[in-house]
Structures are given as C-alpha cells and as structure tokens.
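Student: On the provided structure of chain A, position chain B with the ligand as indicated by the hints.
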Amino acid sequence: MSKYNITLPVSPNLRKNEPDITKVIRFNFSRRGALIYIAHLDMLRLFERALIRSGLKFVSSQGFNPRPLMVFALPVGIGVEVDNDLVEITFYGGPDTEQAADKLNASMPPDIRITNAHYEDRASGSIMAMVNSAEYTFMHKDLSRSVRTAMSGEVLNVTKGSKGKGGKVKDVDIKPLIHKLDFPDDNTIKAVFSAGSKNNLRPDLFLKALTTDSGFSLKNALDTVIIRNRIFLEGDHQVAEK
Amino acid sequence: MSTVYIPRHILLSVEKPARYVGGEWNSVLKDVHDVYIRTALCFPDTYEIGMSHLGMKILYHMLNERDDVFCERAYMPWTDMMSRMKEDNIPLYTLETKTPLNEFDIVGFTLQYEMCYSNVLHMLDMGGIPVYAKDRKQDDPIVIAGGPCAFNIEPMADFFDAVFIGESEDQLSKFSDLYREYILRGKDTFDRDGFLAEAASSIQGIYVPRFYEVKYNDDETIRSIRAYSQDVPDVITKALIIEPDKAYFPVNLIVPNTEAVHDRVSLELFRGCTRGCRFCQAGFVTRPVRERDPGLLLDIALKSQKATGYEEIGLLSLSTSDYSGFKELASSLIENTDGTNTSISLPSLRLDSFTADILEKASKSRKSGLTFAPEAGTQKLRNVINKNISDNDLKEAMEIAFSGGRNTVKLYFMLGLPTEDDDDIDGISILAHDIVRSYWQIPGETRRRKPEITVSAAMFIPKPFTPFQWESQDQLDELYRKQNYLRDKLKSKYIKFQWHGSKSSVWEAVLARGDRRLSKVIYRAFQEGCCFDAWDDKFDFEAYERIMSEEGLDISFYANRKRLFDEVLPWDHISCGVSKEFLINENIKAHSGVTTDECRSICSGCGAAAFGGGVCFE
Ligand code: SF4
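Those sequence lines, one after another, are chains A and B.
With the first letter of the first sequence counted as 1, position 213 gets the number 213 in the working numbering; the numbers rise by one all the way through.
With the first letter of the second sequence counted as 1, position 107 gets the number 349 in the working numbering; the numbers rise by one all the way through.
It cannot be assumed that every hint is accurate.
As the list claims (entries may be wrong) - Subject to a maximum C-alpha distance of 27 Å in a straight line, what follows is the list of computed DSS-like cross-link-like pairs (lysine-lysine):
(1) B:LYS745 with B:LYS804
(2) B:LYS545 with B:LYS652
(3) B:LYS545 with A:LYS103
(4) B:LYS548 with A:LYS23
(5) A:LYS175 with A:LYS219
(6) B:LYS545 with B:LYS569
(7) B:LYS652 with B:LYS548
(8) A:LYS141 with B:LYS745
(9) A:LYS219 with B:LYS804
(10) A:LYS168 with B:LYS328
(11) B:LYS733 with B:LYS822
(12) B:LYS299 with A:LYS103
(13) B:LYS733 with A:LYS219
Hints in this document: simulated from the structure, not taken from any laboratory.
Chain B extracted, bound-state conformation:
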C-alpha cells in the first residue's frame, strides 16, 4: 500500500492546485484496513467539471454508506499537472488517501460524452493500470464504466472489463456484493473471468465486451455480434430504478474546494422524458419517465442545502416544466427560501405566465437571461425532429420575457438536421429578426436596454438509440457552408451568432456510432498525446484524421454514411427498452414530417412499458 507524495513545488507551479489535494467538506475518509473493497470513481475531465456531476456524487456517497467499501475519487489532471506528474513519475492518485489507481479493487469511469475517451486512457496509464483489458493481471483493478456513453461503448470496448448499461445505483451495489463474495473466498485465487461472467449473467445491464465476438462483412459493415458463451445474455438490457422515490439519494453532498462549473444543489425531479425529440439520445435511453414525489424532493432540497451551504438549488431534468408536480414544488421551494440568499435555478422551462412568475421570484439576483431551444428554424423541420414548439409558443414566451423586463435571450439551434434545406436556415434568421422586432414593440418604459439575442448553432450528431441513428451527418464543407450562410443572414446588430466546433462534431459523430475497430485509433491518439478532446483549443482533429487513414479506416464511413434499416448496428446487442421497430417507424414518420405525441397524451408503444412502471402506467 502506498501513498503518493506531491511536492509543494509542483502544487505551487500549476494552476488551481486545490483540484489536486482533496480535503473537501463532506468528503469521506475511512481506515483502509476496515474495508473489503476499495473503489475509485474517476471522472475523465477536470475537477471543476467532474465535481459538477450529480451521478458520480450519488454513487460516491452510496458506496461509502456501506461498511465494507471505501470509495474515493480521481479526476483528470489539467495538462500542466499532467506533465509535472509524468516528469516526476507521480502516478495518478485518489484525492482522499492519495493512493495510486492501480492499488484499487475496482476503478470506475463515468462517461458523459464521447470526447473524453482519450482522457480515460491517460488516466488508466497514469494510474499504473494496463490500458487494454486483455493485459490486466490477477491483481490489477477491475475497470468498469457507466454513463450515457455506455449505450454504445464499442469504440472503448477493448479498455473496460465491464460496462454498466443504464442507471448504475443497483448494479454497483450488486457488483460490490458479488466482488466481496469472491475475495472472501481468497484473494490469491480470485478468478477474474469467473467473477465477470457471473456478474454479467446475474446482474441486469452488465456487459463484458470481451465475452462477445464481432464479425464483419466485406463492405466493412458488421455481420454479427454474438456471445462466446451461453452463460451471458445475447442482448444486454439496461438497468433502471423503476421507483425513483425509493432510490438512494444523499443529502450530505460533497462540496468542492474551488468553484465547480455547476456549484449548487442539483435536484433530480424525474428520470426520462416524454417528448421524444428525434435527435435526442437522452430522451430515448432514459425511458420511461419516472417522477419523484414533490414532498420528498422539497425535503431533499432543504436538507441538502443545509448540509452543503450552497446558495443555489438547481432543478435538474430533461424537460423541467413537464414535471407534474412542478407548480407545487417550485412554489414551495420559493416560499421556503424566502428571506434567505438562496436562489432557485430552473433550466429547460417552457415559458408561460405561471413559469414567468416563478422565474421572477426564483432568482434573487439580477434578472438572468433566458434560453430557448427551438432547435430548428421552421415548423416543417421542427415536425421532422418532433420538437413540439410552435412559432406562436416562442412569440408568446418572448412577449412575457420582454415585458417582464428582460432583454437577453439565447436561442439554441442545430444545423445539418435530416431533410434540412436552405429555407430552414432562412427560418432561423427570420425567427431571430422577428424576436428583435417584437422587443421594440413592447412599451418603451419597460425596455431600458437594447435587446441582445444570441443564436447558437450546434451541428447535428446522429446518435445511437434515436430515430436518427441511421442518418448521415453533413460533410464538413457542407457544415461550414451552412454556418457561413446563416452568419451572413443574421444582419441585425442585436443578434450575436455563436457556433460550435464543426470538426469536433464530426469526431463525436464517429465515436458515437463507432465500432470496436476504433479502439486502436483511440489508443494511438492517446499514445501521441491527444487529450482533453472536449476542449476546442486542445482537440487535434488532424491527428485523428491521420491515424484513421493510417489504420485503414474512413471517417465518412462512420459519420456521413446513411445506414439501411437492416444493417447490423454496433450496438444491436444492447437494449434501452425502446424497440428498433419503434425507432424505424419514427424515422419513417420523420421523413414524411409527421409528429408523434408525447407519452402523456397518447402512448405510442415504444417498448419501454416492459420495465413495468413510470409514465406508461399512469
């Protein structure tokens, strides 16, 4: 057992050393001799981003409530720290006890976005753990992963021993139970493969990539994905907590020592989404909607606020105002924080007069800007993507916002959506100019400042388990053309145009729908020093392009190719509960501009009712 010593001169010569020392309020310390299992949870991005993530905090506190487990944390060191650590041969360590990662029993990664993949490899390597799962020996940690990216883990399949698909709370508890059973039988005789096979066969949603064989056709598409043995499932179905009110939820949340990106109490109102926007992976893989009781939520919110000292409570869910207890919860949160400095933040709201009133009372400080996500510029295209927002809804929302004294609005759009043509891009510009015009129509005494309308355009990225999983992404030069086209149309000086890295969207599209052959590309990129790909100024697209072609792989095969419905997709052996037939049907409807109702109006039989709960049975 060893403790890593980090000399003062290193900590004092890197940016924000507070990220590397631990000692946070509500962080957990245990005697390592008192526990059977030492687990390290890793977030493959900076401390500030990782400490903003609710899911990892839940698992951290959940595991530490057990007497037999000590769970610690590690984050990706920023490049300055990374190079200092490498120079001095300092292994990547956990913040609690400064133990190198390779001394843990279980090392888990949370994968929130594909662009963190190269960081995962760096963290394994710096932690002294063989990067490839096949190279790990008896006494190396079991390396696991979970999070949204687990739904298509194929590009990272070679690096993980087991992947947790779906919601991890129960899985991780059972996995830890099983692991304890195995080590109690004797650590020296610990049978890695036996343990992984039993986990995969007995715990829902656990996928061990190396137990499956992938065969390819001559045209590079996949012929088949089959389990080598009958003991593990042919199709791995995600795990989920069907009654979220019964799920573990910590109130004594860890509080970072330096400001995190989201530094507040996050309150998860429900899991899932009823809307079915056709580009949105989260909306499908988290089905069905399962709500939590507003009384319970209020209790959790007030207790966590006391236990953390945070002055902000953020409501967290995919479409906050769809929560059926929204009015009760929002009003009571506001009443209960009245007279204190605590403010409530409400993302993803649909603005009507009630929510405008709530917003007014919720934020204690200066009126914050509002954000809306129409995603597409015309009704026609919004029907294609099933984004249920009309021009009229937007107009009304703007009127409410402006007459309430706000002057800044941010609008999110996507470029490159299926069936999009230049008229749809014109539509974005028309919408934005209409909003500017509507600002000047409100009574003069209400508008003290000039309007500031931001149009933010992201690139469409086709994602697995969505009705658009077969679609092609626009070629890079077409994406550039559309960006420029839109920029030239947005003439008003009150409109600001922002867009996101097109190259990184292409690479994200490759990884999102990638197969196992990409593992070697990610490995080589890591060896060449690629890291922090999610950071635009760090991302090196040219390196990935070159490595792809050196490995005989083609970016456009993954990003720009339209798949046929009968093609075997790299994630076909995984199930999120939504059937492929439903997704095909949604795709066909999209191309004929037909919308689908949300779950509460009409159930469209997506398949998620098989989980036996939630909105499907309301």
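Just chain A, same shape as in the assembly:
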C-alpha cells in the first residue's frame, strides 16, 4: 500500500468544454538574430510550443498524433531573416486578435515577433496555395556587380539535385522566376521571386547561381545577408511583368 493518501486537483476536461465555433487568425511575424539559424521543422515546433505556453485555446488535428491547426504561408530556410511572414492558426471561440498577438509574443523568444493579427474568413483553401511570390533583400559588398553580370546573359542556370547515389543533376534556368530586380546601392539588391507550391525560387539558390557564372565566391554567397521582406498572395498585386 502507498504511504500517501492525498487527493489531487483535477482540471476539467478541456476538450469537452470547448465551444464549437472555430476561427482562423492570420498572424504576420518577423524573425531575426539567433533564430534565423533554425530549420523549418524547428520553427513549427517553436510556434507549437509558444501556442501551448500562451494558454490560447487552439484547435488540433484529429488522429493518433494531434497537432495544432497551424499553416505557414511559405517555409523559411536556414539563414534567412524575415520581416513579414504569414501563419494561420485556428482557435476555439473568437479570441481578440490583438490579445492573441500579445499572448503569443509573450510566449515567444524575443527573436520572433508577431507584428499583426487579423481574422481570416475566406471560405476554404490553404494559405500555402495562395502564395505567388516573395520579395527579398540581399546585402553583400560584391553583390550588385555579380548580379548585373549574371543577369546580362540569356539564361541563368543553376545546378539542381544531388550528386549522391541515384541523384539526378540537372541545370535549371531560374531567370523566368525572377520578376523584379532593384539596385538601391552598391551593396544591396532587392528582388521579387516566384514563390509557392508551383514555382519557387529559393534565395540561396539564386546566390548559388551567381557562384557558377559570375565570379561570386561560395563564401560570399554564404555571407550574404538575406531578408525576406514580404510574401505576396494571389491578388495582392501584379508581379507578372519583368
């Protein structure tokens, strides 16, 4: 027999008491500092944990391994700073958007900040499918010259795929995926690339293309600061023209 004879507090069954109404909030967020070095999966985990810490009543998926209903518009790679990315999370009831943002911020490491929140009431469809392009800023002292050289060619090829066992290597022209290039100063370029599930140009791949043709070293490419300024969704604006 146990030497303990105690009654322990029992919390009400949370799921049973949930109101049925669910609402989606779209959050805008930034990421900087140390956290630019975490991988996408780690970002997912970090947001899930922050959600739990926030005490907000989020909705989870059904099944063996329930996860919060949370969709990022576009995964972000290791090493990329973010000004204004988007994530949609489904909540029970209708928490005040500002309060939800505050609670999430209070539960996040300081390098990630929620900058805006609003209800998203579209009928259906995932935000991922709505992404069509993204704007990036690149900063490195030797960058503009290399980009100008690279863009003067007919095509801008980059080798895709791995050389490992069974891996197929092919050259892909990424020029059609580049929609806009600005050169605000010698060290900076601003660009709009195709993004989303159909056509997607990753910023590191763009830099890699420079290393093959335009004398930009791999070290320079890795040292180049990459900031994703914003993600454009369908209907946000015209980006089709070059």
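Tutor: Same frame as chain A, now just chain B with the ligand:
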C-alpha cells in the same frame, strides 16, 4: 571582455547551426557588469544530448536565480563545427553571450559517462584554458566537474581543480558563496590554492585531486592515497540533498531550439534505488532512496508543462514503479492532461495490470513498444546479479502487453556477467523464443501484426562502488565469441538481435576503474584528435591501444584483472556512503547465488543510513 563573432558562412556550412547560436526560450541573459561571478556549465557532448540532461538545467537555473552569478552554457561542437572553429581561430564560447570559456570565473563540466573524457580536453583547449590544472594561472578559470563519473575521477584527476562528489546543488551554492568572498577581498590577490583548500575543507564532497598523493606498488597496484595536508579530509564523502522536497527545482526550464534527444519535461520522482542490482553503479552511489511528495511533483509537472510548452512529461527515476506514490501521481497526471495533446512517458516500469492500464491512458499516440531489462537469461544468473525479476514475472508482463494489442517488445541483457556460462546465454535465447511463442497463444483477433522481439545485448562493465568492482571483464575475443554464440541461437525471424560496441565497452571498463596514470593517455589521445568516443563511428580503439602500450600501460591490467578484496582501489579515498564491507559481503553472496532484499523489505545495513534520512528511516 570579448564577444566571439561567428561568421555566417561558417554557421551556414555546418550541420544544424541552431546548436551554436543560443536564443532559446527561458535561456537567461544578464548584464555581465551586474554580477560577481560568471560561471559556464559545459556538457561534453552535442547540444542535443546536453539539452536533454535535467541535472545541468537544474544547476543552470539555480545559479541564475542568484543576483551575484550569471551562469551560461557550452556544448561540444560537432566535428564539422570544431574544425571550422579551429581553422578560423574561433574559441569555444558560451551560447548566451558568446564569451570564450577562458574569460569565466568558474567553468564546470557534467560527466555523465566516461567516454566523454576526450571531449572535455577539447573543450578546455578550444576555450583557451590550459588543459592541465597545474598549468593554470591566477586569472584562469577554476575548472570543476560533477556527475556520476566524479565517483572515480582519477583518470581525469590532472585536469580538474575541484571535483564535486554526489548531488551538486548545495555544493555549487556554497562554492559560489565562498568564491565571492574571496574575490571581494581583491581579484588581484586571489589565492587559488587557498580558495580550493578552504572549499575542500568546508564543503562536503569537494575533492581537489592535487591535494592528494598516490603511491604505487611494484606490481603497479596502488600502495596508498594520502592527503598532503591535514586541512583536507582523508576520505571525501559525497554530498546529497536529504530532503528532496526542499531542493530547488526550476519550472521555467530552458527549451532547445532544435530537437533534443529527450525533449520533454522530466520529473524526478525520487533519488536513489532500493533494489541493489549488483552491476549498477547508480543504484549504489545514489543511496538512500529519498522520495518527493506526489502533490508537489504534480504541481511541478503542470507548471513546467505550461512554462515550456512541452507535450510530453517523462517520469524519471531508476525504477519508476518503486515510487510509493506512483498510482496517485500517474493517475492524477493522466486526469490533468486529459483533453490535451500532452502524453506521459513511463520508463523503467514493472508491468502489472495496473501499470498496463496506466500505460494505455498515458500515451496519446500509437501504442509504443515496451522495454524490459531482465539483464540475464537464467534465474541462476539473475540471482547472482540480484536482479529481482522471475521468468514468471516476465511471462505475465508479456501476456498483459500482448493482449493489450502490443506486438513489439525490447529486452535488454548483459553479456559477460560474473559466473556466466553458455547455459546462461542459452537462457536468453530460450526466453526470447518463449516470448514469441506466447504471442501466438493470445486470441487471434488481438494480434493484427507479427511479433517483433528485439534482444539487445550490452557488455558487462565492472564499475566502482558496486559489489562487482573487483571483477574482471571478459577478454575481447571472449566477448565476440559470446555475441556470435547468442546470435546463432536466435533463429526466429521475429527476433532481432542488437549488440553494443565491444571495443568501446573495454575502453569504458578501463576508464571506469582507472587510476591517475591514465591522464596522460587521455591527454595524448586528445592531442591526436580523438573525440566523441561515445559515438561508435568516431571511437578509435586502436589509437587508445597504441597509446596505452607506448605509455607502458596495459589494458588488461585495468579491464580483465580480478582484484583482491584487500587491494587499494583508486577510489578508496572517496565514499558514497555504502561501506566497503557491505560491497564485499554482496560480492561473496553473488558468487554463491544468494540474493539480497530491497531496502523496503529488510534493511541490509549498507551504511547509507548514516546520512540520516530517506528510506532507511521510513
Ligand atoms: S541503510 Fe538499509 S535501508 Fe538504507 S539504503 Fe542501506 S540497505 Fe537500504
């Protein structure tokens, strides 16, 4: 004061850079000008392993609650990062402020397993700290160590200024208090040896290796270990927290930014173990059992879960179901997490119908496999090692598991235990085949899949402070023979056989019972680039073999030699509270196959009652 800058191109060309940048939830930042003492806690293995370790998190948060201390963390960089750092002359730095290790006042290592020793030397060296304690100057950090390996630190004795034996919470607080006193008297006049001597004489369980002289006999065994001065104790007795309910326990635990090996809230139910398995060092050095109140534990668990956002609460102790508040705690944890995604993990369970029910409710996801550790294949050998599990217990547990719809079971065994013969190895195979057979005997509708039985065999490693500390380890070729013998016996296609590196078990055996002469071997191995010895694909046994013979030392002297009871052992000046007489008596009982009852049935007078608390006084 300096801050290390790590260029982007380095972070982006190594695996998982998140390990090297800090910025975690609940990590602590302070203004370094506001504190008297800067401490760096180091874990000599990867970030993912180090961030899984509860003990280091406790100390980290405990120290940071003090206004006068700022405690930071460092982990061993993986080999890719290590070579990039060396190429660019980047010193090993802490994750919080990116400060090189040599700028700290106190640098502490937690030593969980012997195979991390070469990493410790790399971390010191990369951190700009002289590797040998004797080479450290006035303004170098005080380098300390704690953890299970502290109980026989002799192979690493030359590298640490002070070693903390036992449970470190109180020791580290008092050590920090004393250090502050000393530096307040003036940093320029700081007297290293004076400070260390006062720490060793006034704080329980603090061992300063260089205050002790070791003399050897002609046959290489030890003649004597004596303190040079009367100010420090002849025998250093471990420190422990006799009332764990009063011990500091953080709820705002640091949460890693990339997945750790154990990524969950760890709940320590009790310290110590009542069982007395004769091969198990942890079971003896942590005596006596001291339990924590289940109400307090529930409170800690729920608060930590809220503060971390973890979705798993793991019960952590040597033999979880021996906890006398187990039913209350487990049931209330389950009730309180019902309706959430949080699951409870329960390791080291003895499976009966109650615990099976608990397991069912505890894991929210797919039915996980079960693990059992019979350790030996026959009752005869289980009596020798005092592993109190019968064939019948196992059979019943399997029936419960299988009829509950499980089909995977993992069984842990040891090969090379004292008195083991081939019949005992046959016993492992018989047991495994019996389990497969019992699976087919449960009703057909319950078994939707095929059984998967894994037999995992580790090599017996004799450890200090156990009744087997005098025993020999099998020679390498005998270990291989036994492995092959067992593999050939396990014929069923439903049985998988796994075994652990035999060579690393030999080296672990050398280090576990080693003496001070091994310091130079570890130093040379470090110089030659040995690191991550705990990783099978990194461990270079041949290098250690060669260095040993070049240094005139013999592996079999340490691993394969049976010691006499009257031999002076390298750790004889350390006490874990369990008397040598008790261990000798246990050894004799082992060889005649006599078991010893666990503490709650009959106290067998091991000596740990001298600490004045815990199970000895229940
Ligand atoms: S003194 Fe007795 S009760 Fe206490 S730990 Fe030793 S054997 Fe167990």
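Student: All hints, please: hold or fail.
Tutor: Going down the list of hints, with the structure as the test:
Among the hinted pairs, B:LYS745 with B:LYS804 is consistent with the structure: their alpha-carbon atoms are about 19 Å apart, no more than 27 Å. Restraint check for B:LYS545 and B:LYS652: the C-alpha separation of about 33 Å exceeds 27 Å, so the hint is violated. Pair hint B:LYS545 plus A:LYS103 holds up; C-alpha atoms about 17 Å apart against a cutoff of 27 Å. Note on B:LYS548 and A:LYS23: the hinted pairing holds, with a Cα-Cα distance of about 23 Å set against a maximum of 27 Å.
For the proposed pair A:LYS175 and A:LYS219, the alpha carbon gap of about 23 Å is at most 27 Å, so the pair holds. With a C-alpha separation of about 20 Å, the suggested pairing of B:LYS545 with B:LYS569 holds against the 27 Å cut-off. For the proposed pair B:LYS652 and B:LYS548, the alpha carbon gap of about 33 Å is over 27 Å, so the pair is violated. Note on A:LYS141 and B:LYS745: the hinted pairing is violated, with a Cα-Cα distance of about 52 Å set against a maximum of 27 Å.
Between A:LYS219 and B:LYS804 the CA atoms are separated by roughly 57 Å; this puts the pair beyond 27 Å, and the hint is violated. Our distance criterion of 27 Å between C-alpha atoms is broken by A:LYS168 and B:LYS328, whose separation comes to about 35 Å. The straight-line distance between the Cα atoms of B:LYS733 and B:LYS822 is roughly 43 Å, outside the 27 Å bound, and the hint therefore fails. Restraint check for B:LYS299 and A:LYS103: satisfied, since their Cα atoms lie roughly 26 Å apart, inside the 27 Å limit.
A threshold of 27 Å between alpha carbons decides the hint, and for B:LYS733 with A:LYS219 the separation of about 54 Å lies outside it, so the pair is violated.
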